[in-house]
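A.B. asks: These are the residues of each chain, in order.
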Amino acid sequence: MFELIFFSLLNGIVTGLLLFMLASGLTLIFSMMGVLNFAHASFYMLGAYVAYTISLYLGFWVALVVAPLLVGVMGAVVERYGLRHVHRWGHVAELIFTFGLAFLIEEIVQFIWGKDTKAFHEPEILQFPLFTFFGQNFPAYKAFMLLISIGIFIALLLVLTRSRIGLIIQAAITRPNMTAMLGHNVPLVFMGVFGMGCALAGLAGVIAGPALGTFPGMAVVLGSIVFVIVVVGGLGSLGGAFVASILIGLLQTFAIALDYSVNDLLTVFNITTDAEGALRDLWTLSLPQVAPILPYLLLVLILIFRPTGLFGKRES
Amino acid sequence: MSDIAKVQNAVMPASLLKRFGPWLFLAIGLMVLPLIFSSNLSVYTMNLMGIFIIFALSYNMLLGQSGMLSFGHAVYFGLGGFMSVHFMNYIEAEIFVVPIVIVPVFGGLIGLVFAVIVGSFSTRRSGTVFAMISLGIAELIAASSLIFVAFFGGEEGVSGDRTMGPEVLGMDFAQDIEVYSLIAFWAFVTIALMYLFSRTPMGRMANAVRDNPERIEFIGYSQRKVRFISFCASGFFAGIAGGLFAINFEIVTEENLNALTSGVVLLMAYIGGVGFFVGPIVGAVVFTLLQTLLSNYTEIWQMYVGVIFVLTVMYAPQGLTGLVAMHIPAFKMKRLGTLAAPYVRAGVPTLLLLSGIVGFLETIHHVRSAAVGETTMSLLTIEFDTHSATPWIIIAILVVVGGYLTKTQMPQLKEAWEGANAPMGSDEGGAS
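Protein chains in written order, with this note's numbering: chain E, 463 to 778; chain V, 62 to 493.
Incorrect hints may appear among the rest.
[Stated by the list, open to error] Straight-line C-alpha distance at most 25 Å; calculated SDA-like pairs for lysine to any residue:
no., chain 1, residue 1, chain 2, residue 2
1, E, Lys604, V, Ser356
2, V, Lys395, V, Leu254
3, E, Lys577, V, Leu351
4, V, Lys475, E, Gly544
5, E, Lys577, V, Lys395
6, E, Lys577, V, Ala483
It should be emphasised that the hints constitute simulated quantities derived from the structure, not laboratory data.
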């Protein structure tokens with residue numbers, strides 16, 4: 463039991479920090495533009511695919527640096543020539559635009575790279591078990607993911623709170639007009655933050671590609687989960703996004719690891735169930751089965767009872 | 062007195078025609094269409110169109126008329142479909158025998174029931190919060206549908222047989238054309254009902270809530286209640302569309318209520334134009350045509366649909382219907398003719414450019430996906446070798462020449478457009 467908890471905890475934190483890399487960019491972009499970027503996970507997917515192609519020629523380590531930069535540039539272009547143009551039609555149009563973009567990027571990825579899963583592997587230097595605990599291996603690559611995520615988290619924190627750029631970004635978020643009056647190019651700041659958010663998503667894609675698979679559906683798999691995190695944590699709140707990322711990461715890994723069903727619960731109370739009735743699926747419902755639903759259940763409950771999210775200050 | 066009577070007599074037939082003309086036209090159109098397009102493929106396409114028209118119109122009750130952006134409308138469509146297919150099975154097992162024509166109503170009712178449940182908490186707010194709740198509910202139901210196998214049938218879905226019920230007007234609905242008449246009947250009824258709904262005081266209040274919710278509250282209405290009623294009505298009609306889907310295909314799967322279907326309906330409504338009642342109808346027709354016809358010619362049709370969608374959002378937020386409606390002022394001032402020549406001058410190079418781009422994409426796609434050694438492909442019945450230089454040169458010429466001419470011709474089109482839309486009596490009007 464202890465080893466199960468230990469490994470679930472580690473895996474949960476790895477997943478959670480990976481999710482935070484996506485969620486941090488998304489929530490920053492939201493607090494600036496008031497738009498939830500549906501295509502955010504698509505940039506994550508682009509990161510994985512671009513890194514795959516680069517790693518074929520130049521190796522994984524070059525891809526790790528170049529792919530996020532390329533994805534960041536793509537994000538900046540989308541902001542400059544797409545989102546800024548749509549902005550005049552209002553928030554709903556912007557939301558629909560990013561939704562269409564997500565659809566389009568998935569099609570473009572299929573057009574360029576095909577529909578099958580790509581053989582994007584971790585570099586050989588990281589293909590060994592880091593340590594063995596109760597006979598279970600912990601791969602070194604996961605530790606590497608953990609390291610990168612923590613590094614990014616600290617860097618982001620320092621840049622936003624300690625540097626001059628971070629100061630201007632925070633000013634542009636809370637008082638865009640005042641910041642513009644003081645002589646800063648606010649649209650450029652917006653473009654930069656959008657690009658940086660996309661670059662972070664791209665980096666998450668590069669390190670997640672070998673671990674979770676590089677396939678055209680990878681954006682959809684993660685996309686709505688990241689949305690859940692941003693909303694649950696509170697729209698626009700970085701701290702909230704961090705807590706929610708870890709929470710969702712742990713929730714998912716623990717739900718998969720603990721194999722209990724409704725039947726087990728009912729036997730505790732000495733209730734027997736009808737194995738043939740129309741509700742038979744309800745009785746055999748097990749925790750791993752409902753694992754994919756839990757984040758959405760959390761989302762709906764949070765939105766009903768606390769629409770500002772855990773740490774958020776505004777509703778929409 | 063007599064003068065007024067005379068005027069009324071003169072006006073009445075005209076206004077009657079204006080009022081009922083479109084409906085007469087719709088009814089006759091629905092009856093005549095299968096006579097003109099009688100092949101199996103076209104009947105299949107028209108059936109799908111009818112279903113999507115109802116679905117897209119029900120979606121527009123939310124987005125266009127009440128300002129609620131939903132990412133989970135397929136839930137009500139899919140649930141309606143599942144309920145209807147279960148009812149078809151009850152009919153077959155003679156548990157509950159009704160004519161198959163009635164079945165979509167049960168689909169609509171389950172859509173309504175779920176809309177009442179979900180709407181009771183999701184319509185409290187509009188905007189992003191509503192959109193997020195709809196997304197969460199959609200993912201929740203789609204994921205549950207794979208777990209609750211008894212109702213949703215797991216990954217294979219649930220299938221039924223539409224021919225088992227009592228015959229209606231001598232039809233047992235074995236043929237697609239008989240299903241067409243059923244769908245056409247329901248399409249007419251639901252289009253009329255949804256139109257009438259948008260004309261009721263309730264429908265008008267929904268528009269007001271969309272435009273200025275705060276003011277509605279000051280006048281004394283509850284914006285939440287108005288949104289809730291719109292949401293329920295929308296769920297009901299989506300359920301009917303789902304029921305018709307179940308009858309037409311005799312199978313409903315998880316795919317019919319997942320996020321992709323929700324995306325498709327948003328796409329249809331938006332491409333058609335959410336600001337107009339007929340917009341979603343246009344969108345559904347265009348989308349179905351793209352889906353059934355374009356997919357015969359190209360494997361990458363979904364990418365084209367995606368491009369069209371993104372371009373629509375960027376440059377024509379009023380949709381295709383909005384593009385047509387833009388010409389009404391010029392038409393009323395009888396200046397539409399002055400636009401014809403500029404349109405041709407700008408349109409031909411644009412077509413060249415587009416055909417170049419499409420040719421490029423198709424050829425690339427063929428080179429990458431064709432079997433090894435197979436180098437000939439045909440585009441619009443023109444056969445060519447993808448590994449020779451000629452097609453690439455032609456494509457390059459099309460793109461460069463088309464692109465350059467498009468760019469040079471756009472200013473004159475803009476000028477002509479401004480001239481045609483200049484207010485009557487001003488100096489610019491008509492002169493250019």
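A.B. asks: Does the alpha-carbon distance linking lysine 475 of chain V and glycine 544 of chain E stay inside the 25 Å limit?
C.D. replies: Given that 25 Å is the threshold and the Cα spacing comes to 22 Å, the pair holds.
A.B. asks: Taking 25 Å as the top limit, are the C-alpha atoms of lysine 577 of chain E and leucine 351 of chain V close enough?
C.D. replies: Given that 25 Å is the threshold and the Cα spacing comes to 21 Å, the pair holds.
A.B. asks: For the pair supplied as a hint, lysine 577 of chain E and alanine 483 of chain V, is the alpha-carbon distance within the 25 Å limit?
C.D. replies: Violated. Lysine 577 of chain E to alanine 483 of chain V sits at ~51 Å, over the 25 Å cutoff.
A.B. asks: Hinted pair, alpha-carbon criterion (25 Å max): lysine 577 of chain E, lysine 395 of chain V. Please report holds or violated.
C.D. replies: violated (52 Å)
A.B. asks: Is it true that the CA of lysine 604 of chain E sits at most 25 Å from the CA of serine 356 of chain V?
C.D. replies: violated (42 Å)
A.B. asks: Holds or violated: lysine 395 of chain V with leucine 254 of chain V, Cα cutoff 25 Å?
C.D. replies: violated (35 Å)
Checked against the numbered hints given earlier, the structure breaks hints 1, 2, 5 and 6 and satisfies all the rest.
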